[in-house]
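Residue numbers (our numbering), protein chains in the order written: chain A, 2 to 305; chain B, 2 to 305; chain C, 2 to 305; chain D, 2 to 305.
Treat the hints as calculated values from the structure; they're not laboratory data. Honestly, I wouldn't trust all of these hints.
Put simply, identical chains are the same to the list, so a pair is met inside one copy or across any two.
[Said to hold, decoys possible] Heads up, simulated DSBU-like pairs for lysine-lysine below, C-alpha to C-alpha not over 30 Å straight-line:
| no. | residue 1 | residue 2 |
| --- | --- | --- |
| 1 | K149 | K202 |
| 2 | K203 | K177 |
| 3 | K117 | K203 |
| 4 | K223 | K46 |
| 5 | K149 | K224 |
| 6 | K149 | K203 |
| 7 | K24 | K117 |
| 8 | K102 | K213 |
| 9 | K12 | K166 |
| 10 | K24 | K202 |
The model shown is predicted, which means the values in this text are computed figures rather than measured ones.
There are 4 protein chains.
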Amino acid sequence: MSSMHPVNHIKITSGMSAAELVKQMSASGVMGAGRIAKGAEILQKMLADKDCTVFFGQAGCMIPGGMKEIIHDILLTRRIRVFVTTGATLTHDTVEALGYKHYQGTASVDDAELNKKGLDRMYDSYMPNEVYEGLEDFFQKNWDALTKAKSIRELLDIIGSLLPKESILRICHELKIPVFCPALADSGIGLMIWGRLAAGKKLDIPAFDDMKEIISIAWDSKKNGVFYVGGGVPKNFCQQAMQFSKQASYGVQITTDRPEWGGSSGAELREGISWGKLEPNAEFVDVFCDATIALPLMWAAVRK
Amino acid sequence: MSSMHPVNHIKITSGMSAAELVKQMSASGVMGAGRIAKGAEILQKMLADKDCTVFFGQAGCMIPGGMKEIIHDILLTRRIRVFVTTGATLTHDTVEALGYKHYQGTASVDDAELNKKGLDRMYDSYMPNEVYEGLEDFFQKNWDALTKAKSIRELLDIIGSLLPKESILRICHELKIPVFCPALADSGIGLMIWGRLAAGKKLDIPAFDDMKEIISIAWDSKKNGVFYVGGGVPKNFCQQAMQFSKQASYGVQITTDRPEWGGSSGAELREGISWGKLEPNAEFVDVFCDATIALPLMWAAVRK
Amino acid sequence: MSSMHPVNHIKITSGMSAAELVKQMSASGVMGAGRIAKGAEILQKMLADKDCTVFFGQAGCMIPGGMKEIIHDILLTRRIRVFVTTGATLTHDTVEALGYKHYQGTASVDDAELNKKGLDRMYDSYMPNEVYEGLEDFFQKNWDALTKAKSIRELLDIIGSLLPKESILRICHELKIPVFCPALADSGIGLMIWGRLAAGKKLDIPAFDDMKEIISIAWDSKKNGVFYVGGGVPKNFCQQAMQFSKQASYGVQITTDRPEWGGSSGAELREGISWGKLEPNAEFVDVFCDATIALPLMWAAVRK
Amino acid sequence: MSSMHPVNHIKITSGMSAAELVKQMSASGVMGAGRIAKGAEILQKMLADKDCTVFFGQAGCMIPGGMKEIIHDILLTRRIRVFVTTGATLTHDTVEALGYKHYQGTASVDDAELNKKGLDRMYDSYMPNEVYEGLEDFFQKNWDALTKAKSIRELLDIIGSLLPKESILRICHELKIPVFCPALADSGIGLMIWGRLAAGKKLDIPAFDDMKEIISIAWDSKKNGVFYVGGGVPKNFCQQAMQFSKQASYGVQITTDRPEWGGSSGAELREGISWGKLEPNAEFVDVFCDATIALPLMWAAVRK
């Protein structure tokens, strides 16, 4: 037992900083608190490692969940080399950039009433249905510019160039962070594109070309690190880039899913070792927690 | 209380059929058992309703989880009008069609050892890494045929025409069931396409054209029904087709996710009413259960 | 790979029995389906092993969830040597024995309205509040008989002797199955006892004496087997009996909890090996599923 | 929409305090972050309300999880009127008071090896098995004092009087906080008592007498508030005290369980309104999160 670390109990002190709280969690070292602390440590290390190419995969209801500033802030560190996300995140972030807001609601509600009021519910966050009008205007007005894109990544870059500063796509445009979104069709932005196509417009964007770029970036790196908030396509798309290039040396994921169903979203990072997605001696941790709780706390510790 | 149904207790009898077990669950009417029964009833009704256009969205580790025959069987009823799935499902199903198998394993294992043995782990199911060779052969040999595709849907249809009978894509090819897979790039099949592109081959498949087809089908229906096994892109892609056409009249989903995080995968079907994805008076139910348990049981009751 | 079992896909056939469905799940052998099958196999083996003393620990909302007949049926096999449960289960089962019922309801309800109607909600199962009157009558009428008890186990045995045939406590009384319920105070039955004590009656039942009996039974066995439906006190009370006597040779648990929080309810059975509660070479499995689904299915396979 | 609050995005600033982070979560107001903030607000209000009698129910692996100082700190506010807990918590806290420690471990371990090393695992926290010797010494040495107890509550009070300052039971002894633990038999402390009884010693502690005291406290209050960390017996024992006295006016629970299984641990507080355990207009919130994450964060905000 001499080599073992005792569980030091977390001590809350007056006015303690969030970073100090996470440090206390590191000293306790077990259960969820220990994982929050370890996640923050590894994330910090990965971002500080100049040789590390950081892939940030993000899914889930983060913008309607109040995480916009934090995601922007992470991108603004200039340490994210690749951002992979869902069409939903880009839609939610873009509608806020266009001046709309999400609203605090409740899940104990008559959804038919919400529908009459024009409110689309995501658990206890509401999006006004009118955002589709604003989005449609944007796509109609800018269609010619968008048709210059030769890949989903380029399309998102052009959208970014047309959006106000406070948006994921504009930030990534300016910082030259490629944004990958393989299932962009599956989103409000996808629906706007469908609307244009249905109106007879043309858009020639190949479905598979982005893969070359993300795998090349992973290949050309000295080492790779992955940071996943949620699972789904963003996590898996990064994971397969690791599999067909260089195994990740660092890994942090925040998930509420479980491994027992066998799906990619709930898979422990450790599983990636069998696939050659993660180095056997990588530093990694799975944080099992609602990301709207874990991410702010970890980011407060990493950012300092 | 006179109008309320009592909870009748489930009675197990000698040699009882699985369908009879689900009938007993219907009589109990509460908790998970009640939802299994209600799910089977609504699924049966939706499949029997000649006016109903049925959308089947499926995600998660179903083929490595032993659900292949059941998914094939559901498609072979000829009552599925649209199948939306993940690239992973199509990859797993295709490698089995090409003669490979998945293997019974364990999660309590040294993943580095598995990696040396060439086994890719999905919780307690192993896929031999050599499947990628078979897949690569298939794509190399059939590349010219595949390049005739003008959409992901057409690409999958052509792949189906080239596969043996015992496969999702061949069954759907023969029964003219369109298969949609917006994030096909994010899969083993996607990687094979990347391999060809990296080798200088061309493939011109637009990323957004399938949306027109799925939304048209939903528009042209008398009424729609949705059946979701798992969440992710398949569920959401069907849901947005409902939102921009006709609200679903029937809905059944099997999920292990929770609604509280706000994501699409864990969202209760009821939430879709606010979005105009589900009719307020639709028949629907959420089944909170591992799909490898719930789906066989429900299908045994529906199929009879 | 030659030594590995392939994942055989579950095949649903017309009129197939529930037992045959579980056999198919055994052939698939992975994920939740595989665990259901393994659970049924081990449970069957444990019940068939004449040398095995079977401890059945049960918690959770099973009687309002429609599981009464199955729990009775398991006890009626005469293969359960010890039953450990919660006060809630005994209360729910007893009120049904006294002629009351639980009712099918919904969780989407105004709980204040339910309160006015005298309905107590357990998710989507309702218990009429009037059951407390029937319970109170029973305890008032039989108080003198009950005061003869010298332990909680004896108290429950006397209650059983006074109840109709269709009840856990009467079945256990007749079959001489000791029923342990360390937290009986924490239940409707406990409240009835409080009512009598508050009215000045006396009851002299020592809190710790049952421990001697359960640990003795575990000591005097040739080998032990544990079957847990849910966690809480019933599981832990059996587990500590194993720890201080003979490690279990068989173990099956059905749980919806997770191991990551460190609590007893979600702990994998494997963890018990470190404590000396489970033999390192025991046959055991954790089934991660709603018990109202898993238990009927497994019992249909075990009972045949 | 004019009456709705927008989701304000959480902003992380340099050196921000944990309390400020929770304030930001209050401004976002949705999902898990919103619930953490609301939980902290209601807990603070309940503790500040001089008319409120606060019941603190705590279950789960909190001491081996690093929460000892926080639990002590909450008790030391002198605002907790009743503490209800598990035998496991009291055992873990007592063995630390006797000089033992818990250790940081891992769940990816051979439990048979741990067993040989004398380490008992709780997920990734290890307890040395030798703690039972220290516990046994304590109970042997102090047995005569303990036999003076006339209830479990008194027994725990006497144990507290004999322990060092840094322990739940000593703190509660000094502050005259009654500690209720209906299932004390189900714990290491229970096992020590069993050891004495097995050695022929006597202990006459009635199982049901504590109920009178907890219900009286709830009756005699102006209003009640409940704070639950975890579910199980502690939550339910408080809940039934509310049911048979005064409904709670404030409620905060931290849980990782789900409501759909119908059990008490996962039940939403709202359900208690139907039972008459919670006022329809009470202030209450369910926080769905690992308590080793949620509790430190909330306590940092409440304590300030």
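The hints, checked one at a time:
1. K149 - K202: Classified as both; 13 Å inside a copy, 22 Å across copies.
2. K203 - K177: Intra 27 Å, inter 27 Å, cutoff 30 Å: intra and inter.
3. K117 - K203: neither (34 Å within a copy, 48 Å between copies)
4. K223 - K46: within (15 Å within a copy, 53 Å between copies)
5. K149 - K224: neither (33 Å within a copy, 38 Å between copies)
6. K149 - K203: So K149 and K203 pass the 30 Å test inside a copy (11 Å) and across (19 Å) alike.
7. K24 - K117: Neither. Shortest intra-copy (48 Å) and inter-copy (33 Å) distances fail the 30 Å Cα cut-off.
8. K102 - K213: between (36 Å within a copy, 29 Å between copies)
9. K12 - K166: Result: close only across copies, 16 Å inter versus 40 Å intra.
10. K24 - K202: neither (55 Å within a copy, 48 Å between copies)
Figure legend: structure checked against the earlier numbered hints; hints not met, in rising order: 3, 5, 7 and 10.
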